[in-house]
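The whole structure should be built from the sequences, with the hints applied where relevant.
Number of protein chains: 4
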Amino acid sequence: MSAINVGIIGVSGYTGLELVKMLHQHPKFELAYVANSEGGTTLAELHPSLARVCDLPVSKADAKEASRHCELIFLALPHKTAMAFVKPLLELGCRVVDLSADYRLPLELYEKHYTKHTDKENLPHAVYGLPELFRKEIASAALVANPGCFPTSAILGAYPFISKRIAQTPIIIDAKTGVSGAGKKLSDTTHFVHVNDNLFAYNPLAHRHAPEIAHYLGIEDQDVVFVPHLCPVTRGMISSIYMQIDEDVDAKTMLKMFYEHEPFIRIVDSPVEMKNVAGTNFCDIFVKQQGKTLFISSAIDNLERGASSQALVNANIMMHLPEESGVPTLAYVP
Amino acid sequence: MSAINVGIIGVSGYTGLELVKMLHQHPKFELAYVANSEGGTTLAELHPSLARVCDLPVSKADAKEASRHCELIFLALPHKTAMAFVKPLLELGCRVVDLSADYRLPLELYEKHYTKHTDKENLPHAVYGLPELFRKEIASAALVANPGCFPTSAILGAYPFISKRIAQTPIIIDAKTGVSGAGKKLSDTTHFVHVNDNLFAYNPLAHRHAPEIAHYLGIEDQDVVFVPHLCPVTRGMISSIYMQIDEDVDAKTMLKMFYEHEPFIRIVDSPVEMKNVAGTNFCDIFVKQQGKTLFISSAIDNLERGASSQALVNANIMMHLPEESGVPTLAYVP
Amino acid sequence: MSAINVGIIGVSGYTGLELVKMLHQHPKFELAYVANSEGGTTLAELHPSLARVCDLPVSKADAKEASRHCELIFLALPHKTAMAFVKPLLELGCRVVDLSADYRLPLELYEKHYTKHTDKENLPHAVYGLPELFRKEIASAALVANPGCFPTSAILGAYPFISKRIAQTPIIIDAKTGVSGAGKKLSDTTHFVHVNDNLFAYNPLAHRHAPEIAHYLGIEDQDVVFVPHLCPVTRGMISSIYMQIDEDVDAKTMLKMFYEHEPFIRIVDSPVEMKNVAGTNFCDIFVKQQGKTLFISSAIDNLERGASSQALVNANIMMHLPEESGVPTLAYVP
Amino acid sequence: MSAINVGIIGVSGYTGLELVKMLHQHPKFELAYVANSEGGTTLAELHPSLARVCDLPVSKADAKEASRHCELIFLALPHKTAMAFVKPLLELGCRVVDLSADYRLPLELYEKHYTKHTDKENLPHAVYGLPELFRKEIASAALVANPGCFPTSAILGAYPFISKRIAQTPIIIDAKTGVSGAGKKLSDTTHFVHVNDNLFAYNPLAHRHAPEIAHYLGIEDQDVVFVPHLCPVTRGMISSIYMQIDEDVDAKTMLKMFYEHEPFIRIVDSPVEMKNVAGTNFCDIFVKQQGKTLFISSAIDNLERGASSQALVNANIMMHLPEESGVPTLAYVP
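Protein chains in written order, with the working numbering: chain A, 1 to 334; chain B, 1 to 334; chain C, 1 to 334; chain D, 1 to 334.
Check the hints yourself; a few may be wrong.
It does not matter which identical chain is meant; a pair holds if it fits inside one copy or across any two.
Below, in silico cross-link-like pairs of lysine-lysine (BS3-like), each with a Cα-Cα straight-line distance of 27 Å or less [said to hold, decoys possible]:
{"no.": "1", "residue 1": "LYS112", "residue 2": "LYS288"}
{"no.": "2", "residue 1": "LYS292", "residue 2": "LYS164"}
{"no.": "3", "residue 1": "LYS112", "residue 2": "LYS292"}
{"no.": "4", "residue 1": "LYS288", "residue 2": "LYS64"}
{"no.": "5", "residue 1": "LYS288", "residue 2": "LYS252"}
{"no.": "6", "residue 1": "LYS256", "residue 2": "LYS292"}
{"no.": "7", "residue 1": "LYS87", "residue 2": "LYS252"}
{"no.": "8", "residue 1": "LYS184", "residue 2": "LYS136"}
{"no.": "9", "residue 1": "LYS120", "residue 2": "LYS87"}
{"no.": "10", "residue 1": "LYS87", "residue 2": "LYS136"}
These are calculated hints, taken from the structure and not from any lab test.
Structure (structure tokens):
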């Protein structure tokens with residue numbers, strides 16, 4: 001079987017870099033096109049660590065040009081910018097994995113929490129790229145909306161128990177994230193002096209990922225209580241989830257059975273640690289009960305399982321390749 | 001008014017060092033005795049940063065010797081070790097602020113969660129040293145049991161709302177702590193390589209501070225759901241608290257009124273940050289509501305408000321000095 | 001003796017904050033005026049950790065207004081901005097401690113490394129504010145040029161040995177600094193993700209502090225080999241200095257004698273550590289010899305001894321107060 | 001070509017883990033034997049991040065058993081322990097890459113700086129495993145002594161210029177290392193609270209790696225001035241090297257030519273950064289001149305190029321495989 005040409009639009013950021021690193025070593029995908037908003041540079045100029053490893057020229061992003069080189073395009077762009085590329089790419093016959101928020105939510109929810117949607121035509125046909133829940137739909141999708149990092153860790157942790165939840169009790173999600181989730185953009189909350197030896201909640205009860213979590217858990221918005229915290233860590237994310245469930249459930253057994261055949265879920269006996277999943281596509285999950293209260297701790301790498309490596313898994317599924325092809329499993333430990 | 005002689009037993013650890021730093025600059029207390037388990041050294045040998053600042057000789061701990069020099073003794077010792085000193089010190093007429101867990105709980109609870117108690121005589125007379133709740137009792141106490149760090153941040157955050165709590169709903173306390181809380185002792189979980197760029201829960205739903213929290217909130221053990229997390233931070237602690245309360249409560253006003261005259265509580269409008277209280281006795285509290293769910297974020301310095309500076313406030317109260325005397329308020333920022 | 005009114009122009013940055021923290025507790029100075037470039041705010045809005053501690057209104061910087069309230073002004077401004085204030089302040093009879101680079105160098109050197117100087121009148125009368133070398137001149141100065149952080153640590157380490165240096169051999173200064181030295185300004189090199197778990201040299205052999213070091217050591221520019229490195233630390237600076245000296249010198253004795261009566265120099269027996277001086281005005285110095293090569297390790301807090309606390313010492317000297325008044329000596333340890 | 005069986009003795013530590021991670025994905029080597037001092041466990045029990053990735057049973061180390069399964073053994077053991085295995089392994093026909101210090105130095109030097117040597121027979125035949133200098137000798141060696149991390153970064157930086165060095169001038173090596181270099185062992189200097197926000201020199205002018213550096217640079221011990229510093233970083237090492245050389249040398253051109261055909265050396269135009277080589281076998285080198293003084297900055301990952309990945313390169317060369325087989329080049333960035 002010959003190589004499948006793929007491309008990345010939005011290669012300057014952290015998720016773009018992660019995609020390059022994985023695609024460079026992928027057994028079947030050939031990285032045939034990389035672009036950012038300005039072009040006229042190379043991968044190693046943008047990311048010095050790629051020198052002598054993968055130094056392709058970087059083009060100014062152009063849908064037509066992309067479609068000429070590639071069967072599938074990864075969009076690693078901010079929301080709103082992404083939808084302007086999805087439309088022409090699909091028209092030109094490319095398949096798309098979109099890492100932005102643009103196609104994750106139904107129209108009404110999206111416009112309430114983000115902005116006006118400019119591609120109402122394709123929005124209803126996008127598939128939410130959480131393989132454990134939508135593997136079959138992903139396989140035949142033209143457009144996959146890659147989940148947000150917080151929803152990935154929260155949904156993977158809570159979903160197996162949702163049927164046992166006591167009605168109308170809230171699901172508390174106290175999330176902790178590394179700073180790379182905020183991207184390369186400079187801001188007061190990414191300044192080293194502000195973050196180092198510090199920790200704080202941000203957008204408590206008001207983060208845009210909360211409706212995405214509620215929607216895919218199939219519960220009401222107001223039943224998701226979501227508070228993210230910024231931690232002095234580069235990459236990694238833990239969602240500590242508290243649910244009220246039927247007391248007679250054996251949570252650990254239930255969890256193990258639910259994910260029995262999943263290659264990228266590990267049910268662990270000790271509380272999960274950020275570092276054990278850093279650099280990989282794994283989601284590690286730990287569960288413990290106290291009466292009706294369930295404590296679930298779910299860890300991912302926000303840039304991998306929360307973005308780029310999950311995008312790659314989706315692309316593998318779309319192209320009928322083995323799901324694990326080129327997907328990283330060796331953690332950045334120690 | 002002349003100086004009041006005080007002493008510290010257990011001066012080798014972090015909380016001992018913090019006490020030295022504060023007492024060295026205190027306007028009324030004179031540090032007349034410092035001891036550890038071995039003696040034969042000096043403060044600057046134990047803590048090089050004290051060179052040329054406060055370099056007293058360190059004695060081998062001895063109750064009689066301590067009582068000869070001091071009216072009040074701070075015990076910065078592990079639990080179980082502390083009670084062996086409390087008994088003779090009280091007999092010799094010293095007043096005591098005990099930073100260990102030995103006198104925080106009623107006998108039955110203590111023996112269930114710690115070990116056999118060897119000073120049943122004094123245990124019932126100890127006063128729990130949380131000034132906002134027990135100021136009057138502290139003033140006349142011979143023995144003050146200084147609260148644990150987690151209970152301090154959790155109780156200060158939750159207590160004002162406890163009367164509005166919906167019956168039988170759990171109080172979720174998702175706590176984040178710096179590594180200094182684990183003390184100077186070497187262990188796998190304090191190794192830099194393990195902690196750096198990492199984060200994890202430990203003793204989830206099984207930490208010994210949970211019954212202390214429940215007891216002083218006046219609720220059932222099983223209604224406190226307590227999960228501490230270790231963070232790559234030296235000092236600082238945030239308790240993220242989730243409670244179900246009457247929807248018609250105006251939480252922020254209620255909180256402000258409750259702590260209106262408290263010198264060391266700050267109600268803040270943005271989510272609390274660890275660094276803003278580092279090095280100080282402040283407890284910063286933020287609150288926000290979503291339907292019946294209350295989110296409270298309560299920040300302290302685990303070594304100060306969670307141990308040493310709170311001990312100093314208790315000593316000030318016991319000696320009828322102004323509560324703020326020598327208590328640090330200037331944060332380690334930036 | 002009544003209070004002496006002082007003010008700070010440039011109160012938004014880190015060094016401004018440090019000055020506020022020290023002046024707030026100073027036994028003789030009264031903080032009577034604080035300003036930044038825009039005004040219309042308060043200290044606690046700029047620096048939330050100051051809430052309930054020191055919440056003065058912040059004015060729009062104005063020399064006349066400042067001189068009306070104060071006898072002495074601290075300028076915590078960028079170079080070039082500072083000299084525009086020095087001139088009118090001196091005319092209005094204020095004494096000035098300038099934390100910028102504007103008056104540290106002779107005209108020719110300054111204009112070569114910085115920019116055109118607009119206050120040639122006052123430049124020759126400024127005194128370099130390194131108390132160990134210029135205490136007497138500082139006492140009677142109207143204008144003190146507060147040294148840079150790198151020069152402070154390098155000069156204090158190297159100066160005692162300069163007379164024993166082997167002619168024409170270079171002095172190697174390999175400096176390591178925390179990120180707060182770069183200020184609050186956002187830049188790629190202060191982004192948490194760039195700095196965390198990283199370390200690198202910057203401006204090697206081309207940093208503007210090199211000529212300042214050479215000038216006050218009294219040696220040729222080309223004989224100072226200066227390479228600063230950025231480290232994942234908030235505050236702290238170590239200069240590792242390598243010199244060629246006469247082999248028969250007993251370096252440690254020489255060092256101890258040189259600084260025998262200095263209150264803020266500590267000669268230590270083990271290699272210096274950043275944390276032992278963090279938050280203080282101390283300069284810790286360690287020295288060791290290998291043949292003709294001398295290794296000196298000199299540690300300061302870049303924001304304190306490298307800026308604000310040294311400025312306060314200078315102000316104390318200028319006002320004939322005890323040099324240690326209100327100067328911090330208790331380190332941010334642990 | 002069929003697989004080549006290899007094994008690791010000493011699999012509990014950081015360098016053992018790194019070897020497992022690389023060998024698990026190696027195209028030709030098959031990891032057929034892993035052992036530590038006690039056995040009776042599995043890789044995932046020792047290193048939880050290996051769960052579901054590579055979970056071999058771990059044996060109690062035994063030379064005979066090892067030789068039965070493997071053609072080549074990696075020894076990731078402390079010095080002194082290693083030589084006890086080298087002898088029997090060589091006798092049993094295994095080839096060995098020894099990551100300890102035991103075979104790096106001539107007898108006299110070794111016994112002076114370490115301990116009595118118990119395998120004088122094999123010591124003279126060991127080849128020093130720095131491929132850029134000894135590629136040919138490695139190819140036919142039965143025993144390769146893998147270089148220390150400090151010597152690797154220092155020698156690779158300084159060697160190209162050694163012929164231009166001005167006689168009898170010292171080479172200053174100011175090294176900065178991450179904490180993983182100290183291993184998993186608990187000690188005061190690996191405690192998070194001690195290291196975080198700190199930095200300090202250790203064993204200045206007295207580190208055991210200094211004679212190794214001098215020996216392979218071919219200069220006198222006293223001409224190497226070596227001071228390592230511990231930094232709050234998990235992995236990474238930078239050697240800042242200062243040499244006196246002929247002024248008419250064009251250092252950058254000389255450096256580029258020297259390493260022209262080397263796959264794992266990158267000559268860079270901006271100062272090297274630890275993170276750009278983290279997780280890889282690259283050594284990044286930057287050079288700049290000021291008169292006769294040369295500043296060289298050389299960065300490696302202390303666990304990879306400073307230990308495990310360099311060991312793998314040596315094994316590849318010994319087995320006549322392509323040098324780059326299975327050797328990591330994608331950095332842990334961001």
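Hint check:
1. Only between protomers do LYS112 and LYS288 lie at most 27 Å apart by alpha-carbon distance; the minimum there is 21 Å, versus 36 Å within a single protomer.
2. Taking identical chains as interchangeable, the C-alpha atoms of LYS292 and LYS164 lie at most 27 Å apart whether they share a chain (10 Å) or sit on different chains (21 Å).
3. Taking the shortest alpha-carbon separations for LYS112 and LYS292, only the inter-copy value of 23 Å comes in at or below 27 Å, while the best intra-copy value is 34 Å.
4. In this assembly of identical chains, the alpha carbons of LYS288 and LYS64 never lie at most 27 Å apart, being 52 Å within a copy and 45 Å across copies at closest.
5. For the homomeric pair LYS288 and LYS252, the shortest alpha-carbon distance inside one copy (7 Å) is at most 27 Å, but the shortest distance between copies (33 Å) is not.
6. Within a single copy, LYS256 and LYS292 get their C-alpha atoms as close as 19 Å, which meets the 27 Å cut-off; across copies the closest is 33 Å, which misses it.
7. With identical chains, the CA atoms of LYS87 and LYS252 are never at most 27 Å apart, being 43 Å at best within one copy and 47 Å at best between copies.
8. For a Cα distance limit of 27 Å, the shortest separation of LYS184 from LYS136 qualifies neither inside one copy, at 34 Å, nor across copies, at 45 Å.
9. For a Cα distance limit of 27 Å, the shortest separation of LYS120 from LYS87 inside one copy, 10 Å, qualifies, whereas the shortest one across copies, 63 Å, does not.
10. Taking identical chains as interchangeable, the C-alpha atoms of LYS87 and LYS136 lie at most 27 Å apart only when both belong to the same chain, with a minimum of 23 Å there against 57 Å between chains.
In the structure shown, a violation is registered for the earlier hints numbered 4, 7 and 8, in ascending order.
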